Amino acid sequence: MRIEAQDVRYVYAPGTPFEVEALRGVSLAVEPDEVLGIVGGTGSGKSTLAQHLNLLLVPMSGRVLVDGVDARKMARSELRRRVGLVFQFPEAALFAPTVEEDVAFAPRRLGLDEEETRERVRETLELLGVSHLASRFPHALSGGEKRRVAIAGVLAMAPEVLVLDEPTAGLDPATREDLLGVVRSLRKGGTSIVMVSHDLDEVAEVADRVCVLEGGEVQAAGAPEEVFYVHTALAPATVRVVRPLRETHPGLGRPVRFEETLAGLKGLLEGRG
Amino acid sequence: MTAGRSLGQFYPVASPLHGLDARAKILDTGILAVGLFLVDSVAGLLLISAVVALLVAASRVPPGTFVGFLRPVVFIVALTVLFQVFFSREGEMLLRWGFLEVHEGGITTGLFLALRILLLVSTASLLTATTAPIALTDSIEDLLSPLKRLRFPAHELAMMTTIALRFIPTLHDEAQKIMRAQAARGADFSEGGPIRRAQAMLPVLVALTIGAFRSADELAEAMESRGYRGGEGRTRYREQCFRARDALGLGAAVLVVVGGVLV
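In order, the protein sequences belong to chains A and B. Counted the way this note's numbering counts, the first sequence spans residues 1 to 273. Counted the way this note's numbering counts, the second sequence spans residues 1001 to 1263.
Honestly, I wouldn't trust all of these hints.
Said to hold, decoys possible - Straight line, CA to CA, 20 Å or less: simulated DMTMM-like cross-link-like pairs of lysine to aspartate or glutamate: (1) A:Lys73 / B:Asp1188; (2) A:Lys73 / B:Glu1191; (3) A:Lys73 / A:Asp7; (4) A:Lys188 / A:Glu31; (5) A:Lys73 / A:Glu160; (6) A:Lys188 / A:Asp178.
Stated by the list, open to error - Take a look, some chain B residues computed to stay more than 12 Å from chain A by CB distance: (7) Ile1107; (8) Leu1202; (9) Val1204; (10) Gln1240.
Quick caveat, the hints were computed from the structure, so don't treat them as lab data. Given the structure is predicted, the values throughout are model-derived calculations rather than measurements. Just so you know, even glycine gets a beta-carbon here, dropped at the ideal spot from N, CA and C.
Isolated chain A (complex conformation):
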C-alpha cells in the first residue's frame, strides 16, 4: 500500500496562546515495500506527521491518500489496522496483567477468534524474541523487554505499513540492534516501514529513502546517499568519515551503511599497503 501526504498542515491548540504550528504544508509519499526514514530535530514535526499517517490526527488542510483514496473516506478501524502506529515510549500504554493479554488486545478488537488471536500473539512475540515473557506482568519487565512487547502489541494487527516513532529511544545497543533486525525482516516480508528517529546512524542502516523534516517542512527527501552527502549538518558517522576522505579518494563512492563504508575503507587501506 502507498500512503501519500499532500500539503498537510496541522496546528496545535489553534486560536489560543498555546498555538503551535507543527506542520506547514508537508507533501511526502510512503512507497510500498520500503523503509522510509524520517529525521529532523525535536519539534520538527516528525511525531505529528507520524500520527497523520493513520489519521489519529486529521490534517487541518491538505489530504492523506491511501492507495489514491482520501483516508478520511476510509473506515477508521480499517485504516488503523492497515497502518500500525507505534508511539514514542509505547510501553506507557501497556495495561494488561500479562504480556500475552496485552498483545492480544488489538487482534481481539479486530474481531479475530480465540484460535487466530493466540496464533497471532505467538507469532509476534516470537518475531520480537520475547516468547519466553508471555505470562509475565508487562510493567515488571526491563525497559527493552517492555519496548518489544509494546511493539508486538501493534504488530499483532499484521499492518501493511508500520510506523515507528523513535523506536529505539533510551534502549541499550544490543536491543537497538535486535529491533533494527526486526525492521529488516519485516521489510523482507513485505511490510513497509516508516521509521521516525533522530538517530541518524540507525536510520542510515535500514532506510531505503530518507526525508528530512525541519520546522514543519520537508527540507529534503530522497535516497540516503543523496540526502546525507548533501545536507552536511545531518549526516551519520559513516558519511562524516567518508566525506572528507572523498576529496582525495573519489573512488570511495558514497557509502552510507556501515558494512559498505567498512568495505570501501578496507579497499583503500589494502590498495595502499
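Please arrange chain B on chain A, whose structure you already have, making use of the hints.
Just chain B now, kept in the frame of chain A:
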C-alpha cells in the same frame, strides 16, 4: 500538547488583573464570595454582576473563552433551578401538572440562585485565569502561615497543592497520549453505550495509573536529590509584593459588597 478550556485554567496574557498581587486577589475573591451570600436583593446582585463583567473585560480573557470556563457548572445550575421551580411552594401558583406545581416564588428563587452560583464561579474563574498556579499556591501558603504557630502544615499543604495543580495538565496529556496509542490498536472511545465506553477507558486508566505512580516516585527522587527537605528556611525565587493598587483593589471589593447589601 493540549489546551484545555476548562474550569480553573490559567490564561497567560498581560492585563491589569494579571499584574495584581495574588494574595490580594485571593482575598478579593473571598470578599466577593462572602458578599454574594450577604446580598439578597436583585439590584445588589446586578451591581455585582456589572462589576464582575467589568473585571472580565479588564482581565483580557476573551469573553467566549471565559464563558467556556463556566460550561462545567451549567449542569449544576440547571439542576438547582429545576429543583427550586418544582419544589418551592412559595408565592402564587402559576401552573399545576399532576403532582408538580410551579409557584412564582420558585421561579424567582431559582433564577436568583442560578445567578448567584454563576457569579461565584465567575469570580473564582477570574482568580485562576489571571493567576499563575505557582503564585496561587505560594499565596495560599502565605495566607495560611499564621496558622503555622498552631502546627498547621501550611507549607506542605501548599506544596501538595502546587504538585497536584502542576500534574493536571501532565496527566491530561498523558491520558491523551495513551488514548491515541490504544486507538492505534483499534480501541474506540466513541462507539457503543456508556458501559461499552467505560470498558474502552479501562486500558487507558490502568496504564495512566501505573504511569502516575511512576511519575510520583520520580518526582520525589528528583526533589530529594535537589535537597528538598520541607519548608523550613526555604526561600522563594519569585517574591510577591503588596502594592498600593492591591490595597485599592481590596477596598473596592469591600465597597462593592457593602454597596450590594445596601441597594
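Status of the hints after comparison with the structure:
A C-alpha spacing of about 17 Å is found between Lys73 of chain A and Asp1188 of chain B, which places the hinted pair at or below 20 Å, so the restraint holds. Restraint check: the Cα-Cα separation between Lys73 of chain A and Glu1191 of chain B comes to about 18 Å, which is no more than 20 Å; the hinted pair holds. Between Lys73 of chain A and Asp7 of chain A the alpha-carbon distance is near 18 Å, which keeps this suggested pair within the 20 Å criterion. Among the hinted pairs, Lys188 of chain A with Glu31 of chain A is consistent with the structure: their alpha-carbon atoms are about 14 Å apart, no more than 20 Å.
With a C-alpha separation of about 18 Å, the suggested pair Lys73 of chain A and Glu160 of chain A falls inside the 20 Å cut-off, and the hint holds. For the hint pairing Lys188 of chain A with Asp178 of chain A, the CA-to-CA distance comes to about 15 Å; that is within 20 Å, so the pair holds. Distance to chain A confirms Ile1107 of chain B as a non-interface residue, since its nearest Cβ pair spans about 38 Å, more than 12 Å. With a least beta-carbon separation of about 8 Å from chain A, Leu1202 of chain B fails to lie farther than 12 Å from that chain, contradicting its non-interface assignment.
Against the 12 Å criterion, Val1204 of chain B falls within the reach of chain A, whose nearest CB is about 8 Å from its own CB. For Gln1240 of chain B, the requirement that its beta carbon stay farther than 12 Å from each beta carbon of chain A is met, with the minimum near 23 Å.
Comparing the model with each earlier hint shows violations of hints 8, 9; every other hint is respected.
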